[in-house]
Structure formats: structure tokens, C-alpha cells
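Participant: Spelled out from the first residue to the last, the chains are:
2 protein chains.
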Amino acid sequence: MESTLTLEQQADLQKFGQRLAELRKARGWSQEKLALESGLARSYLGGVERGQRNIALLNILKLARTLECDPGALLRF
Amino acid sequence: MESTLTLEQQADLQKFGQRLAELRKARGWSQEKLALESGLARSYLGGVERGQRNIALLNILKLARTLECDPGALLRF
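These protein sequence lines are chains L and Y, in that order.
For the first sequence, the positions run 1 to 77 when full-length UniProt numbering is used.
For the second sequence, the positions run 1 to 77 when full-length UniProt numbering is used.
Hints are computed from structural coordinates only; laboratory data are not their basis.
The model shown is predicted, which means the values in this text are computed figures rather than measured ones.
Watch out, some of these pointers could steer you wrong.
Claimed, not checked - Mimicking SDA-like on lysine to any residue, the simulated pairs with C-alpha atoms at most 25 angstroms apart in a straight line are:
| # | chain 1 | residue 1 | chain 2 | residue 2 |
| --- | --- | --- | --- | --- |
| 1 | Y | Lys15 | Y | Ala64 |
| 2 | L | Lys62 | Y | Lys15 |
| 3 | Y | Lys62 | L | Leu7 |
| 4 | Y | Lys62 | L | Ala64 |
| 5 | Y | Lys15 | L | Leu7 |
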């Protein structure tokens, strides 16, 4: 975890991760299934869901398209 | 520009950049003003608006908060 993050930034990453897990589970998918469907590494997804990764735009869009949701839905937290 | 990007990914970065510029101009702000208000470097913002940067979540949220818009609005393109 980048130690230079503010508490607010750490909270934002954790909220994004929780939102991603929420949307994934709503589809009844495991992290493995989301990794398989998105082409992203399962370990990377685990880190994102734990709020340990400052995920970039292209991966946000890839996840939204994989979950077939509006990208904005991932940022609604 | 990362040469390994697909055409779709390059298009996504460009569309995000155009959306950011659209929302910035809607406030009547220059890139300098957005840089000043957000704390992000003007040169970095220029790169984002030209579609040359795969901007990360924390900076997307920072820009949305600075522009006082829903983060999802930046991803609606």
C-alpha cells in the first residue's frame, strides 16, 4: 500500500473495492470468474477489492464492461 | 503514449479527455485554473485531455470533486 495516501484516499480505494465486490456478487460471480471474464489477474482483483490498488481508467472500464454495468455505477459510493 | 494499447483503449482515453475538457469548459475554466484548483500539474492535465494518460481512480475522483460533478459524469462518454 502506498504510504503517502491520505486517509480520504485510502477510504476512496476501499469504497471502490467494496463497490466492485458488491457488483460482482450481485452477478453471483467469484473473483476467479471475474478474473477469467475480464482477463485481469485474480491477485490484482483481490488487491483492488481490498482497497490496495489505485486502479486506472482502462481497467475500470474493462471491469464495468465485463460486469455489464455503467462505469459510473462503480464510482457511486 | 503506451504503444501496447488497443485502438479501443486509445479511443477510451481520448473520449475521457474530451469529456474532461467539456466539463472544465462548462465551468469556464482554463487548464491552468483546473490545475490550480485540483492541485494536479497543468502538463499532466494536458496529457489527460489529449488522451495520452491512463488516469487512475484517485485523480478521477479529485477532478470530479474539483469540478463539483458526479464522478460517473466523467465516465459518461
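Participant: Hint by hint, say whether it matches the structure.
Facilitator: Consistency of the hints with the structure:
1. Y/Lys15 - Y/Ala64: Within the cut-off at roughly 16 angstroms; holds.
2. L/Lys62 - Y/Lys15: holds (15 angstroms)
3. Y/Lys62 - L/Leu7: Since the Cα atoms of Y/Lys62 and L/Leu7 sit roughly 14 angstroms apart, the hinted pair holds (cutoff 25 angstroms).
4. Y/Lys62 - L/Ala64: OK: Y/Lys62 and L/Ala64 at ~20 angstroms, within 25 angstroms.
5. Y/Lys15 - L/Leu7: The given pair, whose Cα atoms are some 31 angstroms apart, is violated under the 25 angstroms limit.
When held up to the earlier numbered hints, the structure conflicts with hint 5 and nothing else.
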